Amino acid sequence: MKQFFSFVKKEFYHIWRDKRTMFILLGMPVVQIVIFGFALTNEVKNSQIAILDNAKDEVSSTIITQLDASKYFEIRQNLHSYPEIEKAFEAGKIKMAIVFPQNFSEDLHHLNKAQIQLVADASDPNVANILTNYATAIIGDYQRRINTNTMLPYTIDTETRMLYNPQLKGAYNFVPGVMAMVLLLVCTMMTAITIVKEKEMGTMEIMLVSPMKPIMVIIAKAVPYLLLSIINIASILLLSVYVLEVPINGSIVLLVFESILFTLVSLSLGLLISSGAESQQTAMFISLVALFLPTVMLSGFMFPVENMPLPLRIISNIVPAKWYYSIVKSVMIKGLGLKVIWKETLILTGMMLFFLTLAIRKFKIRLA
Amino acid sequence: MVTLDKLSKTYNKGSVLAVDKVSFEVNKGELFGLIGPDGAGKTSIFRMLTTLLLPDEGSATVDGFDIVKDYKSIRNTVGYMPGRFSLYQDLSVEENLNFFATIFNTTIEENYDLIKDIYVQIEPFKDRKAGKLSGGMKQKLALSCALIHRPTILFLDEPTTGVDAVSRKEFWEMLKRLKTQGITILVSTPYMDEATLCDRIALIQSGKILSIDTPQNIVDAYPDKLFAIKAESIYYLLNDLRAYTKVKGCFTFGEFVHISFKDKSATNEPELLAYLKEKGHKNIEIKAVTPGIEDCFIRLMTEETN
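In the order they appear, the protein sequences are chains F and V.
When we follow our numbering, the leftmost residue of the first sequence carries the number 1, and every step to the right adds one.
When we follow our numbering, the leftmost residue of the second sequence carries the number 1001, and every step to the right adds one.
These are computed hints drawn from the structure, not numbers from a lab.
Please read these numbers as outputs of a predicted model, since none were measured by experiment.
You may find that some hints are simply not true.
As the list claims (entries may be wrong) - Short, incomplete list of chain V residues facing chain F, as computed with Cβ under 7 Å: (1) Thr1050; (2) Leu1052; (3) Leu1053; (4) Asp1070; (5) Ser1073; (6) Arg1075; (7) Tyr1080; (8) Pro1082; (9) Arg1084; (10) Ser1086; (11) Leu1091; (12) Ser1092; (13) Phe1099; (14) Ile1103.
To be verified - Here are the simulated lysine-lysine pairs, DSSO-like style, with alpha carbons at most 27 Å apart: (15) V:Lys1246 x F:Lys199; (16) V:Lys1264 x F:Lys19; (17) F:Lys197 x V:Lys1132; (18) F:Lys199 x V:Lys1279; (19) V:Lys1126 x F:Lys199; (20) V:Lys1248 x F:Lys199; (21) F:Lys56 x F:Lys71.
What the hints assert, rightly or not - Over 12 Å on every C-beta distance to chain F, these chain V residues come out as not near it, computed from the model: (22) Pro1037; (23) Lys1116; (24) Asp1157; (25) Ala1165.
By construction, the Cβ of each residue, glycine as well, lies at the ideal position given by its N, Cα and C atoms.
Chain F on its own, in the form it takes in the complex (with noise of 0.2 Å):
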């Protein structure tokens, strides 16, 4: 046991003295959380739209009024007939117009029921989509409100439900996915990158003569990476709620165990990876291409597995960070429990014990 706790201390030893990597392995969550819960967002903010008021009602004005309060739109024109719509739209000044009909307000409490149109630039669909999704979002807000007041229900034709992310906050999807990104990172290739310096310095040599059994060697190899990831998943979680305003409605002592449990299964993949590694550069390229590339492609974080085709569905099933993606995005941000998640727990766990395995047995106890 001393001899592990020393091998511990050397390790982190290395760690601390190698001030630059030891930066980047506790700045680059932060980093990350903030270029992708900032810059690189896909949240649409105040975008210009134009309003094509023929009603002119009470019921229009505070339709307009809620948009225009809305951090998500702002009005940038008042039309008065169609054609003016496409002037706009042409010369590039909004992203969307909003066409209220004549008899707008007569039509709701008459009829129960009346249309708006929303008038969108497809030329970006996704911000067509975003900007069609808020508008609706909006209204329906609105149409809720003067419901509780009635009997009879009025409708305003656009009904959509936005689940779990009213605004649709783009924060809400990055986090999880960072979190899994960080720690395939921070775990897989520092892991994969310490061990295969160890053959390169030539010390594994050393190592293997001597009484020290390889497993303790894996072992305590992988101990200072497991802290240092527990410190990062700290600082995530921290930067997420209080920075980027993303709550965590589940079990905080849930997502913390299934963060290790992740981290955990990356680490096994690090030693994989340097079990069959010989220098720092293959080690570095192995985890880049075999994990990284798959994590931010198939986990379901940037494109959506659902919409892929059916080989790279089934590839995506063996990505570990798709099942850690769709545990956090469960606990963390519907507040789910365990009895939902189990599936991918134990999939997790499998995938660990098999890849730990894995790694052990194809440790080489010699040179070659």
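Chain F is already provided as a structure; the job is to place chain V on it using the hints.
Relative to chain F, chain V alone:
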């Protein structure tokens, strides 16, 4: 203490023969040298004996343990210093020593007497990072780390390569002192002049053992009389000597060319002098010399290749 029985090792799926049926024995308390040029197979033998490589054929025991079956027992008892400096460069001298002591289940204090002579020389730099030490000091630290658990056998793979002459001399003195502590030492070196410092040596070339004996016996076994010749142009001298039919072996040795004759005729020397003068050489100097290990090595090597 160490026995090798027809140990063989190949690389690249058998296409490169690195060690070719090597057999020798090292006795307890002996300072045994494995002498040969780079690529002779010294490191392969060391790695097989320290259980880092599996032999393709043959067997070997270290301290009574089989190098394949009982590799764990061997790893517990031997001390190994690889050819390349293999300590943690970002740890200080003291941290390295402490670390290796703990790994081998011991403490610096417990075996301090064993490493004291060596460690006192690097102790003033104990807070310095190992990577920032000079070559000689690195070797001393590596030796201290290999010794810290009082191994029964010490394997030193080219410990003096890349070390200055003074440090080399010091290093061999340290080995002599260690021998008095009863530690068996197996050392490899490409420097022929270090051979005489060993109790017994094995000359090795292309994976084959050329000769195993005490350095004195190997030198005594040199069959021919050896002459050293010097002239103004060593290049033409060498060419002319090679063309001279009575010369058997001929190779440069510093500013001299060492030669031996095919027969033991007493007129060899004056005849050669006349031949060289005729060829236009100036300032010719011919003297009889006692052969060294290198002379023996080259003779054995040429015999082997013929």
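Was the hint right that Phe1099 (chain V) lines chain F, CB cutoff 7 Å?
holds (5 Å)
Hey, does the Tyr1080 (chain V) contact hint survive, CB to chain F under 7 Å?
It holds, given that the least Cβ distance between Tyr1080 (chain V) and chain F is near 4 Å, below 7 Å.
Hint consistency between Lys56 (chain F) and Lys71 (chain F) [alpha-carbon to alpha-carbon, up to 27 Å]:
With Cα atoms ~23 Å apart, Lys56 (chain F) and Lys71 (chain F) stay inside 27 Å; holds.
Hey, Lys197 (chain F) versus Lys1132 (chain V), does the alpha-carbon distance stay inside 27 Å?
holds (18 Å)
Does Arg1084 (chain V) pass the interface check with chain F, least Cβ-Cβ distance below 7 Å?
holds (5 Å)
Has the given pair, Lys1264 (chain V) with Lys19 (chain F), been kept, meaning a C-alpha gap of at most 27 Å?
Given that 27 Å is the threshold and the Cα spacing comes to 71 Å, the pair is violated.
Under the criterion that the straight-line Cα-Cα distance not exceed 27 Å, is the pair Lys1126 (chain V), Lys199 (chain F) satisfied?
holds (25 Å)
Is the shortest C-beta separation between Pro1082 (chain V) and chain F less than 7 Å?
Given a least distance of 5 Å, the restraint on Pro1082 (chain V) holds.
Hint check, Ser1092 (chain V) versus chain F [nearest Cβ-Cβ separation less than 7 Å]:
Constraint on Ser1092 (chain V) not satisfied, violated at 9 Å.
Hey, is Pro1037 (chain V) genuinely clear of chain F, shortest beta carbon separation above 12 Å?
holds (22 Å)
Per-residue hint verdict: Leu1053 (chain V), partner chain F, C-beta under 7 Å
This hint holds: Leu1053 (chain V) lies near chain F, its Cβ roughly 6 Å from the closest one there, short of 7 Å.
Is Lys199 (chain F) close enough to Lys1279 (chain V), meaning Cα to Cα at most 27 Å?
Roughly 58 Å separates the two Cα atoms, so the pair is violated.
Checked against the numbered hints above, the structure breaks hints 4, 5, 12, 15, 16, 18, 20 and 24 and satisfies the rest.
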